[in-house]
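Heads up: the protein sequence lines correspond to chains H and V, in order.
Letter by letter, the first sequence follows residues 1 to 175 of this note's numbering.
Letter by letter, the second sequence follows residues 1 to 278 of this note's numbering.
In short, the hints are calculated from the structure, not lab data.
Take the hints with a grain of salt, since some may be wrong.
[Unchecked claim] Quick list of simulated restraints, FRET-style, between CB atoms:
hint, chain 1, residue 1, chain 2, residue 2, range
1, H, 50, V, 47, 20 to 30 Å
2, H, 79, V, 268, 34 to 44 Å
3, H, 47, V, 235, 33 to 43 Å
4, H, 13, V, 19, 27 to 37 Å
5, V, 143, H, 50, 34 to 44 Å
[Unchecked claim] Derived DSS-like pairs (lysine-lysine); straight-line CA-CA distance at most 30 Å:
hint, chain 1, residue 1, chain 2, residue 2
6, V, 150, H, 81
7, H, 151, V, 220
8, H, 151, V, 219
[What the hints assert, rightly or not] Rough simulated footprint, nothing fancy, chain V against chain H, three-plus residues with beta-carbon under 8 Å:
hint, region
9, 25-39
10, 74-80
11, 86-95
No residue lacks a Cβ here, since even glycine has one placed at the ideal position from N, Cα and C.
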Amino acid sequence: MNENDPSIIRDIPDFLAHAIALEFESVERYQELADSMDVHNNPRVAELFRKLAHYGELHAHEIEHHALGIDLPEISPWDFKWCTPEGPESGTLEGVHYMMNRRQVLEYALCNEQRGRDFYAGVAEFSPDEGVRELAAEFAREETEHVNILKSWLLNLVEPDSVRPADLDPPNIPE
Amino acid sequence: MSGKPADTLLKAKDYKSEVKPVWCPGCGHFAVLSATTKALAHLGLPQKDVAMISGIGCSSRLPAYVSVYGFHGVHGRALAVASGLKAARPELTVLVAGGDGDGFSIGGNHFLHACRRNMDMTYIVMDNEVYGMTKGQASPTTSPDWAESKLTPHGPGVPSFNPAAIALASGATFIARGFTGKPNDLAKLLVDAIQHPGFSFIQALSPCTTFRPDQNDWKKIVRPFEQEATDDPVEAAKRIHADDGMSTGLLYQTKVPVWQPERSVRAQIDQLELGFQV
Chain H
1 MNENDPSIIR
11 DIPDFLAHAI
21 ALEFESVERY
31 QELADSMDVH
41 NNPRVAELFR
51 KLAHYGELHA
61 HEIEHHALGI
71 DLPEISPWDF
81 KWCTPEGPES
91 GTLEGVHYMM
101 NRRQVLEYAL
111 CNEQRGRDFY
121 AGVAEFSPDE
131 GVRELAAEFA
141 REETEHVNIL
151 KSWLLNLVEP
161 DSVRPADLDP
171 PNIPE
Chain V
1 MSGKPADTLL
11 KAKDYKSEVK
21 PVWCPGCGHF
31 AVLSATTKAL
41 AHLGLPQKDV
51 AMISGIGCSS
61 RLPAYVSVYG
71 FHGVHGRALA
81 VASGLKAARP
91 ELTVLVAGGD
101 GDGFSIGGNH
111 FLHACRRNMD
121 MTYIVMDNEV
131 YGMTKGQASP
141 TTSPDWAESK
151 LTPHGPGVPS
161 FNPAAIALAS
171 GATFIARGFT
181 GKPNDLAKLL
191 VDAIQHPGFS
201 FIQALSPCTT
211 FRPDQNDWKK
221 IVRPFEQEAT
231 DDPVEAAKRI
241 HADDGMSTGL
251 LYQTKVPVWQ
261 PERSVRAQID
271 QLELGFQV
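Start from the sequences and build out the full structure, keeping to the hints where you can.
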């Protein structure tokens, strides 16, 4: 990455617009997955996704607070400077399954938080604006905390990998 | 940056309805929902001015999840219903949604004629090469050797339907392919398609995580078209046939007059009744 790279975030309003979109898109994805797991009779996983959405929302509002009084740019979805197809903390669709268990949910969330941390760390390293670098470094530290929390949850999870809800209506695939 | 007017208040989530999708977690169709709502928000279209029409199938549930006018119609007849709506209410933005089975098999004939009729509407087909709602049978776009269905244990054995080629041959004026693994790119395609005057067709590669888990590998092979879109149908045909169906972006766009039936009153009811007198 060089200083003429169009993907570099150059000012605070642009950075905060990215951060807010990143956080709220992630919350929306977790809520969507929670609803979807409810529909597919996987209530324990739904509950965990809802918990992740709740914590994500608290963090999103904190970031929104940083933007109070700042005129944020309106950015089209395809003009965000992500290195990922969507916001870095939005989990990929192929990473989930209606039969997934809570360990897999936490592993999924961990990957999302790591991508979020890496995004902020990248901005902290490459932005030409000192204010952006400082704020991004702060956000990267917060994401690192989230990563560590998820790692501890994973360590303390007693559910073994093999625990899966029963599939009463499995896909009709030949044996 | 967007060129959206500053006073536009609706955000993408405002275009989502209260109905929760029944799609399997991980289904590509979630990304089409996301792309649709983002496109509508970008364009700032009032909800009352948009109608989404569908047929039958997993993907055809989309109108229920979008907070615009919707009609969940008969299998394969989404384009016919949409054409009628557009004829009666030309001021509406008409979006049509469905799957590969609904659009290319049951509704295949309507697809041909919608392409050549060139009414101003957008048709997005969520193509997962399988009938998912009925638990995984081969569809028109399934490859001949897909042998994972009990109905076709040795594969369908016939060449798969090429949606872009058929659309081009039938006279479509906007042909694009998107991928649900890149929902923001898909949103941009939808914006361009909605703004295109005439019939716009988007084939959205949308993996079925339950009956086609192999399609999770599509993300490794999908890539953008190497060239800009062309307005030359011969060149477009060459590109379509040289492609493996995994290139994405706008492939072909041309401008020809949009067809819209006359709305002038030709006869009053009492005059018509005279013709039925015995």
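Each hint tested on the structure:
1. In this structure the hint that residue 50 of chain H and residue 47 of chain V lie 20 to 30 Å apart at CB holds, the actual value being about 28 Å.
2. As the Cβ distance of residue 79 of chain H to residue 268 of chain V is approximately 54 Å, the hint placing it in 34 to 44 Å is violated.
3. Look at residue 47 of chain H against residue 235 of chain V: about 54 Å separates their beta carbons, and that is not inside 33 to 43 Å.
4. Between residue 13 of chain H and residue 19 of chain V the beta carbons are some 35 Å apart, a value that agrees with the proposed interval 27 to 37 Å.
5. A hinted range of 34 to 44 Å holds for the C-beta pair residue 143 of chain V and residue 50 of chain H, which are about 39 Å apart.
6. Proximity of residue 150 of chain V to residue 81 of chain H is assessed by CA-CA distance (about 45 Å); at most 30 Å being required, the pair is judged violated.
7. Pair hint residue 151 of chain H plus residue 220 of chain V holds up; C-alpha atoms about 28 Å apart against a cutoff of 30 Å.
8. The suggested pairing of residue 151 of chain H with residue 219 of chain V holds, with an alpha-carbon distance near 28 Å, which does not exceed 30 Å.
9. With 8 residues carrying a beta carbon less than 8 Å from a beta carbon of chain V, the region 25-39 of chain H meets the three-residue requirement, and the given coverage holds.
10. Residue count for the region 74-80 of chain H with a Cβ under 8 Å from a Cβ of chain V: 7. That meets the three needed, and the coverage hint holds.
11. Only residues whose beta carbon comes within less than 8 Å of a beta carbon in chain V count, and the region 86-95 of chain H has 5; three or more means the coverage holds.
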